[in-house]
Amino acid sequence: MSRYFLICFFLFFTCQLIAQPDFRKGYIVTNQRDTVQGFLNYRESAKNFEFCEFATSPEAKVTRYGPEEIRAYKFDEDKLMVSTDIAISGEEKRWCFLEVLVAGKMILYKYRSHYLVKDTEDKIYELIRETENTALNGRPMVREINRYIGILKYLMRDCPGLQKEIEDADLSERDFTELVEKYNQCTGIETVSYKQEKPWFHAVPGIVAGIVSTSYTYETIVNEIPDDFNKDVSFSVGVDCEISLPRLNEYFSFYTGLFYLHNQLRAYSEGLNSSNMLYRNDLGARFNQLQLPLTLRYTFPERQVTPYINAGVGVVFLVKPSDYWIQEIEKNKVISTEEGSALYFKKCSIVYIGSFGLKVKLGNTPTTFEVRYENIKALQDTYGVTRSKIQNIQFLLGVTF
Amino acid sequence: MMKITLLSLCLVFVCLILVTCNENEVTPRNYPRVRTLEVSHITENGVRLEGEIFYPGRLGVTEYGFIWSTKENLFLNYAVDRAIIPANGSVDHYAFDLNTTLKKGEVYYVKAYARDKEYLVYGDIVSFRSLGSNGPEVLSVYPDTGTLGDTISVKGKNFSYITSSNEVTFNDFGASVVGHSTDTTVMVVVPDPVKLSTCEVKVSIAGNPGTGQGIFTLQAPVIDSLSTDHGKSGEEVIIYGKYMGSNPNNVKVSFDSKEVQIISHKRKAITVRIPYDYSHSGKLRVQVANLSDETAFSVD
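If you read the sequences in order, they're chains A and B.
For the first sequence, numbering that gives the first Met the number 0 gives the first residue as 0, with consecutive numbering after it.
For the second sequence, numbering that gives the first Met the number 0 gives the first residue as 0, with consecutive numbering after it.
Calculated directly from the structure, the hints in this document are not laboratory data.
Note that this is a predicted model, so its numbers are computed, not measured.
Fair warning: there could be bad hints in the mix.
Straight-line distance between alpha carbons at most 30 Å, and here's what the computed DSS-like set of lysine-lysine pairs gives [as the list claims (entries may be wrong)]: (1) A:319 to A:360; (2) B:251 to A:332; (3) B:116 to A:332; (4) A:330 to B:154; (5) A:330 to B:265; (6) A:117 to A:78; (7) A:152 to A:163.
Next up, chain A with everything else stripped away, as it sits in the complex (with noise of 0.2 Å):
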């Protein structure tokens, strides 16, 4: 009950979290070409094509404005976006914003996952990869037709030295952004990229340590086999790696590291056997676990304490898994040992985690503290075990360099 009334307190507040705006610095090109300068609400949705949010302060009104209602608006040093009257995909001309990702000779825009560029003649050309069943050789199969390497290779015609590198290029914000800022350099015209202070690619190492509490559970078909384990406490180290592609996204990022926990779990039952005499069982369990964690994470909007969630798998080796069963038997204060094994580990597991934590700077220092759950399922399905897992809830505490 109180794991489920903790899951739903956990995405309770992390809604609250979500929903929290992020105003930063910048401005609003009213239809009369009025800059208005004030604070625009950071979103990494596909809300910034349909409206923006705007306040002059802080403190006053957020008022929201649609792309009949402004020419542009634009966050300091981070993107632009401007309105316009257009027909995407196929689909009805209509007002919306772009992302103006490169402006220059040659203007690349982004809508949602949509790419266009402009030429010198203000005309529009959408970079489309499409898809066509065909048959080869009486065979049906897919063709991809990479439409947009045609349009690029034509509106570049005048920097014969980019041929190869449209040939190259992905469908994707870098390679366009990348072939769009050289074609401009290239024709010798003033080339701007918005978002270019926010690098592609970041990574951010550190050192984490921390407490962690271990449960074992498990369920058997063989009754005499305890299965109410203690709580283990104990340590967790380890190195971790945040990953994040700022450009195309603040919030969201990778997160990996290699963690090393060492666990002691212990179980105790009594009672009387089928031959109505007294038994007692010690099961015991020994094991290192160490962990590859891979999940995404989000940041929430940067304050002085930033909140984070994670969530994803990884990959847990137990490395050198003992156990040891001690059953006594006794009668007319006789004891009669039997020891053994009742627990057969796997090696390598799958981890399930999802974590929450809070990014703070300590002076200088960037710290994270994190509180993180772990589940995993630790035995093989062999010798009446029917259902395992070890619980992992660990405190951490992080430093990022």
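For chain A, the structure is supplied; the task is to place chain B on it using the hints.
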């Protein structure tokens, strides 16, 4: 601040190492807890048995040791060999060099055990294949004099607790081992076929010959007195004496070389009937093995 954070991380790391080095925690019990460890040093001279008392119990251990046998059903009874070690202070890991009672090529099972004033606790069973062992050692016999059929004690070391495993010989004649054997004492009956007055007593186990020997001297029968020194044919005469054998089948009584009928045989008294058709004086002789004594007797 960076230094403080790094120091905190180092502290956590040290704690982790300390936690990693901890041994398994032992669940307490009212009784001692014992573990049989793997048998080591398996050679043709014997093996080393090792055990561990990993929890001493509430009352403290008074005795510990090992039991072993070729059968898996191992308990402290007269059918298993054992090494008993009286507890003298606390004990955790212990070992016993077993160099007797093992037959080459045989699979043996062993259990460590510990005892306190209330409980007897056995460890788990461990098996090993023997490469053989040394034999026992005979130190003495008691009493060292006697007659055929007497039960005597052979004192020594490394005997088997399993009575039937101890093979005792008197001048190479096999003797019956009786009673409950221990690792230091074997009870044996002086065998009938012994003829010589001086016997070498030897013990072997599982085909492993022992060392040392006991000397047992077969005493000649001694006639102390007769119920009467004369009598008529057909009358009964009681011969009083000692060393006159334990088994009437090993005793011969004769009157002037003619064997007489033994009516009853006791340890110190043999009743015989005077032969019919005899009417002279002669010698009444008692013979056990090759040894004899005689006394004068006249038939009226």
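Structure-based check of all given hints:
no., hint, result
1, A:319 to A:360, "38 Å, violated"
2, B:251 to A:332, "56 Å, violated"
3, B:116 to A:332, "10 Å, holds"
4, A:330 to B:154, "36 Å, violated"
5, A:330 to B:265, "48 Å, violated"
6, A:117 to A:78, "18 Å, holds"
7, A:152 to A:163, "9 Å, holds"
Hints 1, 2, 4 and 5 from the list above are not met by this structure, while the remaining hints are.
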